[in-house]
Structure formats: structure tokens, C-alpha cells
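Undergrad: Could you build the full structure based on these sequences and the hints that come with them?
Quick mapping for you: the protein sequence lines, in order, are chains A and B. Once you know that position 355 of the first sequence is 355 in the UniProt record's numbering, the rest is easy, because the numbers rise by one and skip nothing. Once you know that position 234 of the second sequence is 234 in the UniProt record's numbering, the rest is easy, because the numbers rise by one and skip nothing.
By construction, these hints were calculated from the structure, which means they are not laboratory data. Note that this is a predicted model, so its numbers are computed, not measured. A couple of the hints might just be wrong.
Chain copies aren't distinguished; within one or between two, either way the pair holds.
Within a straight-line C-alpha distance of at most 27 Å, the following computed DSSO-like cross-link-like pairs (lysine-lysine) qualify [unchecked claim]: (1) Lys-452 - Lys-315; (2) Lys-510 - Lys-452; (3) Lys-241 - Lys-39; (4) Lys-64 - Lys-444; (5) Lys-64 - Lys-510; (6) Lys-271 - Lys-452; (7) Lys-315 - Lys-397; (8) Lys-30 - Lys-80; (9) Lys-452 - Lys-317.
Number of protein chains: 2
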Amino acid sequence: MTQPVLIAGQWRDADSTETFQATDPNKNEKLNAAFPVSKWSDCDAALDAAVAAAAELRRLPAEKIAEFLEVYADRIAAAKDALVAAAVAETGLPASPRLADGELPRTTGQLRAAAAAARSGDWAMATIDSQAGIRSCYEPLGPVCVFGPNNFPFAFGSVSGGDFAAAIAAGNPVIGKANSSHPETTRLFAVEALEALRQTSLPLATVQLIYRTSHADGERLVSDPRVGATGYTGSRNAGLKLKAAADSAGKPIYLELSSVNPVVLLPGALKTRGEEIVGEFVGSALMGAGQFCTNPGVVLMVEGDATENFISAVKEKYSSTPSGTLLSPAVASSLSASISTLVGLGAELLVGGGESEPNRCALANTLMRTTGQAFLSDPDGFQTEAFGNASLMVVAKDVDELCEVISRMEGNLTGCIYSETEGSETDGSDDAAYDRVAFELIPKVGRMLNDKMPTGVAVSAAMNHGGPYPATGHPGFTAVGVPGSLLRFGKLTSYDNVRPSRLPAILQDKTPTGKTWRRVDGQWVQG
Amino acid sequence: MTQPVLIAGQWRDADSTETFQATDPNKNEKLNAAFPVSKWSDCDAALDAAVAAAAELRRLPAEKIAEFLEVYADRIAAAKDALVAAAVAETGLPASPRLADGELPRTTGQLRAAAAAARSGDWAMATIDSQAGIRSCYEPLGPVCVFGPNNFPFAFGSVSGGDFAAAIAAGNPVIGKANSSHPETTRLFAVEALEALRQTSLPLATVQLIYRTSHADGERLVSDPRVGATGYTGSRNAGLKLKAAADSAGKPIYLELSSVNPVVLLPGALKTRGEEIVGEFVGSALMGAGQFCTNPGVVLMVEGDATENFISAVKEKYSSTPSGTLLSPAVASSLSASISTLVGLGAELLVGGGESEPNRCALANTLMRTTGQAFLSDPDGFQTEAFGNASLMVVAKDVDELCEVISRMEGNLTGCIYSETEGSETDGSDDAAYDRVAFELIPKVGRMLNDKMPTGVAVSAAMNHGGPYPATGHPGFTAVGVPGSLLRFGKLTSYDNVRPSRLPAILQDKTPTGKTWRRVDGQWVQG
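TA: Now the structure itself:
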């Protein structure tokens, strides 16, 4: 039996001639459930229903949308066991603590934070110029397509994750395109979403789900006149094709693509607390088999004994730590290909490499090293992302060369610098190096860290999970964090001389909650 | 003699084999001064110098940038006579009140407002999550290319206008590409800018100027890896080509393109104050020979006596009002072509039409009318922008048809609805119509007006001079208004666990001014 798609509030048969199945990466075996590859007619129907839902949503108070997000979060928490079981089977991620105790609470927490943002209205940046008689705010943009990634089946899921929560909280319906590696998990979320919509009397087409389309139909979808915007998290190749299609139609598309997330370890830090950093690095780099957008893929250091000691210790840990399961056969083969590319460019293989295991999607933990000079001879090549449990150490001959390496790097989500702790016994030389390195690094990254690995992405108002192209499609937006992430799905509208009773609720003299933060005549005031 | 370009702080000969001259539209004669068409090497040199200037600017306190903007504003005010004379010769716009008393003070006012924004830092949306140890703000993005339009030689000028002021205030150097219709005016601004840079000891390559390039080099410029972003105001055709180039390189480009700015006149309004609206409409539509981005190009009404009276009165005024001078021969021929297109589609020519005058860039004021039904038979065609002193009246058979016409409209900068005044003698039917029309219109426009024509674009924090594609390239940004317009040229950066002394000044516990608005743990606080 082929699973139905969710269109216009109905679970119905897809218009499809093909199906696909997900793989259990712990067994390297296809799972039973078959999911449809939708033809354009399914997208077309979903778009029509989404347009109608968008119009209905515009007429509802934000409170109703907040209620839906909260009821949905409650239902997800109640359905935890089934969601975790499905995700374990489809992704190989451990049930606990990863899925049940980490990603699931993060997901419900995001939905509740988005609900709070919708209710408060703070995200809309309501601005009042009382003298000129002009008021402005961000408003819903229209139907949002969400393409979730393979590596967070809950927290970045197409109908459960950060893009979804942000799009809905901003007042838009979502058409989710499931990630092909975990369609059943996504389906279970959609089942809960539909029930939550029913419970809260929202338009049932506020959440719709298809599983897969042809590439051409995906491009047609994101560029359709009925679409407001798209959120995509995934591989660079597919993302840039969608971007080209959306751009040509003038449709915003927010991408979160690949990133090698450079980590700079300055000499003083390695000398005074190298062992500690080994632990932090290996923990971050091999966590979840390295399958994080913010995985520290490239480590930059300067020649010296402390650097050699660091590399030796990391090598030892990579050898002795069992390799995690990768998300899918595709991830395993792509990782294998990336390692071959890097080794082919001259990177020295210190440990690992090779082919995927036959009975499990997994590669040995892989550590490579190269020099700053070699990196500079082919900066693009050495920035090949090796998504998974593989890392590249780049040893520069001095800080000058290290800065030059950074100057040749593409946009990244994160950049880290470890330097000697204040008051430690070294000579303070890290301070001068820090200033130079940070000056080069900051323009290249969305988030700059000190003395901390990048894999934790806190759901914080100050978080930027974003960065310059090609880490994302625009350097001014974050995919994580409330209220910032909602702005991606908002349209700015000014109301000029509009009669008071006709203003949106949030721009009237008295707001619905009486507590919304607004910028009135240059001053931020609440209520 | 060919005028030099301004690159890296030097007025130097362009690398050029071709030149061009502007035309005095009041005489339809070429002006003497010759300006170079730069080859790529000029762009390349300007980009290198801009990158160096961007790095220097990042190290300077915002106060220095504010000082430059203010000194520049002072110098512009002092150079008023020469600037006005040059602009009169190149654009045909009246010296007074338009240029000397309207656009020039607006320009210096924008520069001073941008200075205040740079100084206060409010624009950067500094956000502090004290519990998570994460802080974020918007920072400079890198060199910004500015392509100014023909219709505002001062206030939207490439090295003097809103995009320029916003890009500089956000901390970025600007490479200005002069509009080909007023190169001498632009040159005079650059002369003052360079002196202001000297006076305030800013990097001299903070402001650079070239006059023209090949289309291919323009596209290469906006997509160059050294560029941070581009601001473009002008025709849709050229803008979309630049957009395609910038998009493919992942470079943000902010466009302000064509717009027909629909004005809806509801029956009650026409019945109770039709004459008053005739005056407002004709004043707005023919002001500056109709050459405003926010010119009310399409008027939507419902069949009836009041509508016929309105059209007759407008026709009378269009006949009796002398036609203004158009900005250039290109504007005149494009306007003539647009009128032909509309008439070719079946629009009835009520007055005007025809060819440009031989000794002046000017066409007779032109009024056309069509039906809602005809519009719906070719919505794209009837939305052809007639940039200049031409307007199209669309008479729908009822409010249903009027709403359908709006539903088929593209994105626009503005939309207006005139309705009967509260307490007037009519039957209140406009209120119901208003709700329906506004619901359709709001998603299509950046600024929604009531009982007011769209041509005034106040420099207000609540202004949105923007709108959905194809009015602009992104529905979330405004080109006018401080601090909002600065966000286009900012890069969002999070600082995660970064040691306090290494944070940008604006994110440290104590900010430089002590008065910056920041969002601290969800509350906006000052200082």
C-alpha cells in the first residue's frame, strides 16, 4: 500500500506513478512503507488549497495560530514513542538521549516559542510614526514551502521544525515536502498537525504534506505565483537549483546549505589546555556521526609541538571511538566521495577513509591533514564538505598563512577561535593573533564562537543560524531563534493615513495583548 | 575633454574607449561634457579599493561615519546652486521648488538621519541573551554598488541618495554607477563627498564613482566576489538582468523597479467629494510630469455617474494643464511606446497620446480608459507601466469585478483606497467595499494608503518604500526610511561565548553612546 498525501485537509491518494521507500541505515535494508512521488497535479492542488488557507488565516487573530502551535506541541509530546520509533528506523539516530530527550523537546520547545512570538506580536516590528500618520509591520507573506533536511527528522522536519514553526507563527500555511530519508516520521507529524488544526478550528490546509516530486516539479513549486516563500535545508546542489528557480520568479527562498565551520586553535590554547580541547573537539566532531550543519569540519592551527600533540591525540580518539551510523546510503556514499576528493587533492589520511560497511550505513571515523600551503593551492577543493564523521586538520606555517587560508574561505554558518585563557602562563601572543584571525573570520561566518565548539545551536533570540553565501542564500536572516526566524516569512507593509479602525490589530492604538513591543516615534515601548 | 572617474580617492582618467553625453531635455540638445564608458579594469580597481576601505571602516567607530555623513550634508547644502544648475540642465526638473527647495533638503535630511542612525546604533538590532551568553547584531556587509535612477538626481542619486546613505551608515563603502541621464550632477556630488572624506579622515575609497559600463560589465560587477550587495533603482528590464547576475552569485541585490500604483476610488467617495479627488489625483499624477516610482498610474472605479463625472473632469484638467518636461529622450520614447501598447490593447484614448515634441522631451498629458472586463482579458498587458504623464482609468462593472482586477495585479509599491468620509451623507456602502478591496490589495502592495495619493514618500521609520515582486526584489525591505533601509546592507552576526572585551562596541555591556536601543532578554532597553 502506498501512503496517501495530505492535501486540503484530506489524506488522499497521490497522483503518482512511482513510489519510493526509506532505508533503515542500521541494517542497510529498505523499509516496507511505500511513499508516492507526486506529479504536478498534487502540487497544484496543494497550492490552491494553501492560497485559500492563507486568506482565512489572515482573518484570524494571532491567538488562534498560537493555540494551534501549542496544541500541536502537546500532541507531539503525547505521540513521542511512535515518532521516536519511526525516526530510529528511518535515520539510525539513537532513541535516547538524541531523539527522545534532545530533539523532541527541542521541537516542542520551538513550537511553543513560535506560539509565544505569534501571540505577543513582537516579531512583527510594529513601528508607529505618529506625526507622519504612518504605521508599519511585518505581515504574512503567503504559502510557504518547506523542504526539511535528513539530519534532524524532528527539529528541522518539514512539518514540525524551525522553518515550519516560523512560517506558521508568521501567519502562513505550509506545504511540507518530506525529506526522502524519513517520510514515515514526517507523515506521523502531519497526522498530529491535522488533528491539532481540527481541534483549534484552523483552516485544514494550513499544513499539507507531499513526499517527493520530480526535480522539475520542485523547481516549479518554489517559483509558482501562488507561493510566498520557501525554506530549504539540505545539500548545496539541490538547494542552488531551487534557488535559481525561485530567484527567477522573484520568490524569496531561504537556504541553509553546506558549511565546513572552521575552528581555529591558537598556539597558546593548545599549549595550555590542549587535552581539554581534544575532548571538546572529538565530542563535537563525532557527535551524531558528524551529521550536523555546524559540524566542525576543518580545524586550522599553526605548526608546532602543541599542534602535533593535538593531532596525535585526536587521531587516537578517532581510532578508538566506534563510528556512528550514517543517515542513509546516500550520505555514506557522499561522505566516501568527499574523502576521496580531499585525499586526491593531497590531504594525508591519518585514520579511516574507505568504503561504507555492507550491513550498516557507516564509515570509519576519518581524520585527514594538510598544510596551509596546500590549502591555498586549491582553496575550493579543500573546502569540499565531508558531511559525516570526517575532519580535516590544516596546519599553517604561521598566523599570516592561517589568516590567508581564512581569507580564501567561503561563507560558513560558524567560525570558532580557541585562545589561551586570560591569566594563563603563556606569553599573551594569542591575543594579537586573535585580533587578526577574528578580523578575517567574522565576515565569513554567521556565528562567531570563542573557546566553544559550534554544534550546539541554542534556540535564542540572539542566535544566528545563518551566514554568508553559500552557507545560506542571504546574510541577513537566521533559521533558528525566535522572533528573528519569523522575519523570513513576513512581508513589510506600511499603512499611510489609514483610518484607525481599519488598521491591523497590532497597529491600532491599543493592541490585543496590550504588551506588544512597538517602536513608537523612535522609542521601543510595550503596550 | 572626457571627465575622469573617481577611484581609490583619485580623480583619474577612465580606462575607456567610448564616451557619452547627457541631453538637456528642455532643448532636446546634447550637453557638452563627455563622460567615459569604463572598461572592466575600472570596476576591478574600484572593487579592490572598496575592499580595502571596507576593512578600514570596520575598524572605525560609528561616530566617524556619522561625522562624514554630516559634513557631506553640509557641503551639499553649500554647493546647492551648482548642483541645482547641473540637475536642471540634465533632467529638466524645475530649479524651484522641486530641486532647490524639495529634493535638496530631502537629500541632506536623509544623510543626517542616516548619520543619526549610525551614531545611535539602533539600526543594528543588537540582541543580548544573557543566560545563553549569545549576542547578535547587524554589521557591515562589504562594498555596496549603487545604481541610481533618472528621476531623483539628488535624493536617489548614486552617491547622494537613500541607498547611498543607508549603505554608508551601515558601515560600507559605495561604488556609485551614475545614472547616464545626469552624470555631471553625480560628479559634483562625488567632488563634495571626496572632500568630506578628507575632512573627516575616512578612507578615501569609501565613495567611488564610475559613469557607465557595458551591460556585461555591470552584471559582472554586481556578482563579483568582492561585492557585499547592490542597490538598484530604475527600469525593470535592466534591473532584472542585474538581479539574475547577482542572484547566481549569491549576492543580495535590492531593486526598486516599476509600479503602476493602483488607486481605487469607491463610489461613495466620488459621489461626496469627487471634485476634491479630481484635484488631488491630477496634482499627484502630473507632478514632475508623472515621473515618480509612486505615480498613480492606474485608477480603478466602479461604473456610475460619479465615475463618469470624475473621468470628464480629469480629462478636462489633462487637456488644460501644460505638459511637463520628461527627463530624457529615452523616457519620452518609452512613454510613447507604452501608450501605444495600451491603446493597441484596446484602451480608449481620451486625451493626449502621440509623439514627443521635437524641441523638448515632452508628450501631451495622456488619459486612457478601459473596462474591468478588458483588463481581465489581458492583465499583464494592461499593467504596462507608462512612466510619465499618462494614466489609465479602469472602470469595473461592480466591486466584484474590481476585486478580480486587483487579484490579477502584480506587486506594487503602493495602493490607495478612497472611500466616503465617516458621517457623510451616503449610505455606508463604501465600508463593505473597502473591506473587500483592501483584503485583495494589501498583499499586492508595500504601502497601503487611505484618502491620499501615493506620491509623497515621507522619510519615516514607518515608511515602506518597497513591495512584492516585481515592484522590488524582496517583500521584506524598504528603500526609504531610517533605520529600516540600513538593514539591507547589514550582515547578521552572532557572538557566542565571545569574551567581553572582544565583542563589537555595540554588544559590550556598556555601549559607546549609552543610549542604543537593544533587545536584552526579550525586553527592548536603552543604554
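Undergrad: For each hint, tell me whether it holds in the structure or not.
TA: Status of the hints after comparison with the structure:
no.	hint	verdict
1	Lys-452 - Lys-315	within (20 Å within a copy, 71 Å between copies)
2	Lys-510 - Lys-452	between (44 Å within a copy, 24 Å between copies)
3	Lys-241 - Lys-39	within (19 Å within a copy, 32 Å between copies)
4	Lys-64 - Lys-444	between (40 Å within a copy, 25 Å between copies)
5	Lys-64 - Lys-510	within (19 Å within a copy, 40 Å between copies)
6	Lys-271 - Lys-452	within (17 Å within a copy, 69 Å between copies)
7	Lys-315 - Lys-397	within (21 Å within a copy, 78 Å between copies)
8	Lys-30 - Lys-80	within (23 Å within a copy, 76 Å between copies)
9	Lys-452 - Lys-317	within (19 Å within a copy, 71 Å between copies)
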